[in-house]
Each structure stands twice: as structure tokens, then as C-alpha cells.
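**Q** Generate coordinates for the entire structure from the input sequences, incorporating the hints supplied.
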Amino acid sequence: MTTTIPTVEPAAPRSRSSRPATTLTRTSGIGLGVTMLWFSLLVLIPLVAVIITASSGGWSAFAHQLGNEQTASAIWLTIRAAIVVTLINVVVGTVIAWVLVRDKFWGKGLLEVIIDIPFALPTIVAGLVLLSLYGTSSPLGLHWANTSMSVYLALAFVTLPFVVRMVQPVLEELDADVEEAAASLGASRFTTFRRIILPSLAPAIAAGAALSFARGMGEYGSLVLLSGNLPFKSEVASVRILSAIENDNPEGAAAIAAMLLVVSLLVIVVLDLVQRRMVRRG
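Going by UniProt numbering, the sequence shown opens with residue 1, and the numbers climb by one from there.
Calculated from the structure, these hints are not laboratory results. A couple of the hints might just be wrong.
[What the hints assert, rightly or not] Derived CB-CB ranges, DEER-like: (1) W38 to G109: 29 to 39 Å; (2) V91 to S188: 12 to 22 Å; (3) L110 to R276: 35 to 45 Å; (4) R80 to I30: 41 to 51 Å; (5) R26 to P231: 51 to 61 Å; (6) S188 to G107: 24 to 34 Å; (7) T23 to E246: 48 to 58 Å; (8) S137 to F232: 24 to 34 Å.
We treat Cβ as the ideally placed atom computed from N, Cα and C, and that holds for glycine.
**A** See below:
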């Protein structure tokens with residue numbers, strides 16, 4: 001009778017994917033902890049507090065706060081103006097960035113400085129500047145103060161640089177040889193722009209549009225002097241929030257803020273999906 005000795009096969013080497021994830025070093029862990037703590041104190045905890053305050057009275061109280069005609073009018077004007085101004089910035093901002101990168105002309109450096117003025121200028125000063133030009137004594141004959149047009153004007157002023165400054169560095173990094181190769185293969189300028197340039201610019205345009213929309217939704221300073229804050233005419237959501245606070249209605253202010261937050265998040269998600277789709281199609 002023979003005895004069969006079972007053979008033991010050597011264990012297969014562990015693949016790289018099965019290895020445990022690299023652990024953070026002590027320095028990296030401290031840095032991550034400080035980052036999350038700072039982010040929580042500045043962003044996460046205040047946002048949670050606003051949402052809790054807005055929902056403290058239940059859904060019916062939340063809907064009642066937003067169902068007020070004056071509040072609904074202010075929110076709708078804010079959203080509408082932010083969307084329109086963002087669409088304008090997407091087109092005009094991209095064109096300005098294109099001119100600054102691809103063209104050489106006298107005064108280009110001065111134009112670069114002027115574009116950044118809305119970043120550095122206090123918003124209340126921006127409102128004063130716009131009021132002097134578009135107020136009741138407008139030298140241009142455009143008396144837009146205390147009208148709904150003043151909201152669009154103020155938002156266009158403060159959000160101008162966002163798309164420009166996001167698109168400009170991407171344009172500077174684009175390789176001109178690719179465009180020349182496309183032209184040598186018979187592609188038209190429009191086809192080259194649509195299939196080569198635009199997919200590369202889409203992430204930057206979407207990021208600039210998201211920043212522009214978010215800034216427009218929360219703008220206050222430049223509108224105080226110019227719009228007049230007239231109910232059902234030129235009152236925006238940020239002014240409505242201040243009015244609710246002054247009238248000892250924190251729940252109403254929190255409800256408006258929560259609505260603006262939800263709208264902003266939805267727009268940011270939509271812009272992100274659009275730019276991803278354009279990149280894939282390109």
C-alpha cells in the first residue's frame with residue numbers, strides 16, 4: 001500500500017491592488033486634521049446650523065417662510081439675474097480671455113489690471129461707481145438705478161473677472177501645433193474650436209461660471225445704493241435675509257439662505273455634468 005503525500009502549492013503572490021492603502025504620515029495626519037477642523041469651523045458647522053434653524057419649525061413653517069410673496073419675488077429675481085449674468089460671462093469672459101491671450105495690442109497690460117478691479121474694489125464702492133454712471137444724473141442717459149436692471153448691472157460688474165481668469169491660463173497652455181495640424185487636415189476654424197479648443201476650455205469655463213453664479217446669488221454690497229431695495233422690483237434675496245434678521249425672524253432668514261444654498265449646489269452639479277460631457281464628446 002502506497003501512501004500519497006499531498007503537495008502543497010505555493011501561495012500566489014499578493015497583487016498590488018490587495019495591499020492595504022498607504023497610511024498617512026504623522027505630519028500629513030496633523031495637516032489633514034487641521035484642514036478638516038478649519039473647514040468645519042468656517043463652512044460645515046455654519047451650514048448645518050443654518051439648515052437646522054431653517055427646519056426648526058418643520059416643513060410647513062419652512063414652506064410658509066418661502067411662500068411669502070415678497071420673499072418669493074426677491075428669490076426669483078436673484079436666481080434669474082444670476083443665471084442671465086452667468087450666461088453673459090461665459091460668452092463675454094471667454095472672448096476677453098481669448099483676446100488677451102491670442103492678440104497683441106497697445107494697452108493690453110492696462111486692460112489686464114482693469115479686469116481685476118472688481119476683485120479688489122469694495123462692493124459698496126462698486127455700487128457708488130455704478131450709481132454715478134447709471135443713476136438719476138447719468139451722463140449716459142441710462143437711468144437704471146432703483147430698477148430691476150440695476151441688479152443685472154451690479155452682478156455683471158462684480159462677476160466679470162471669474163470666467164476670464166479661469167479660462168486665460170488654460171488658453172495659454174494650449175499647444176498651437178494641434179490647431180495647425182487640424183487646419184492642415186482641412187478642418188475649419190469652427191470645427192477646430194468645437195472639437196479641439198472648446199473641450200479643453202470646458203472645465204475652466206464651467207468653474208468660472210459656477211463661481212460667477214455663486215457670487216451673484218450672494219451679492220449685497222454693490223446693490224445697496226444702486227437698486228434701492230424696492231420690494232417686488234429690485235429687492236434681492238440677500239437684502240431680504242437682512243430684513244428678516246432686523247425683524248427678529250431668524251427662521252425666515254435661514255429658510256431663504258437654505259433655498260439659495262440648494263439652488264447654488266444644483267447649478268454647480270449641472271455645470272460639472274455639462275463640462276464632463278463636453279470633454280468626453282471632444
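**Q** Take the C-beta atom of W38 and the C-beta atom of G109, compute their distance, and say whether it sits inside 29 to 39 Å.
**A** Holds, since W38 and G109 (Cβ atoms, about 37 Å apart) stay within the stated range.
**Q** Holds or violated: the 51 to 61 Å window for the beta-carbon distance between R26 and P231?
**A** holds (57 Å)
**Q** Given a hinted range of 24 to 34 Å, is it respected by the beta-carbon distance of S137 and F232?
**A** At roughly 26 Å between Cβ atoms, F232 and S137 fall inside 24 to 34 Å, so the hint holds.
**Q** Evaluate the given range 12 to 22 Å for the C-beta pair formed by V91 and S188.
**A** At 20 Å between Cβs, range holds.
**Q** Take a look at whether the Cβ-Cβ distance between S188 and G107 falls inside 24 to 34 Å.
**A** Given a distance of about 31 Å, which is inside 24 to 34 Å, the answer is holds.
**Q** Return holds or violated for the Cβ distance of T23 and E246 against the range 48 to 58 Å.
**A** holds (52 Å)
**Q** Go ahead and decide if the range 35 to 45 Å is satisfied by the Cβ distance of L110 to R276.
**A** holds (37 Å)
**Q** Taking the CB of R80 and the CB of I30, does the distance hold inside 41 to 51 Å?
**A** holds (46 Å)
The structure is consistent with each of the numbered hints, conforming to all of them.
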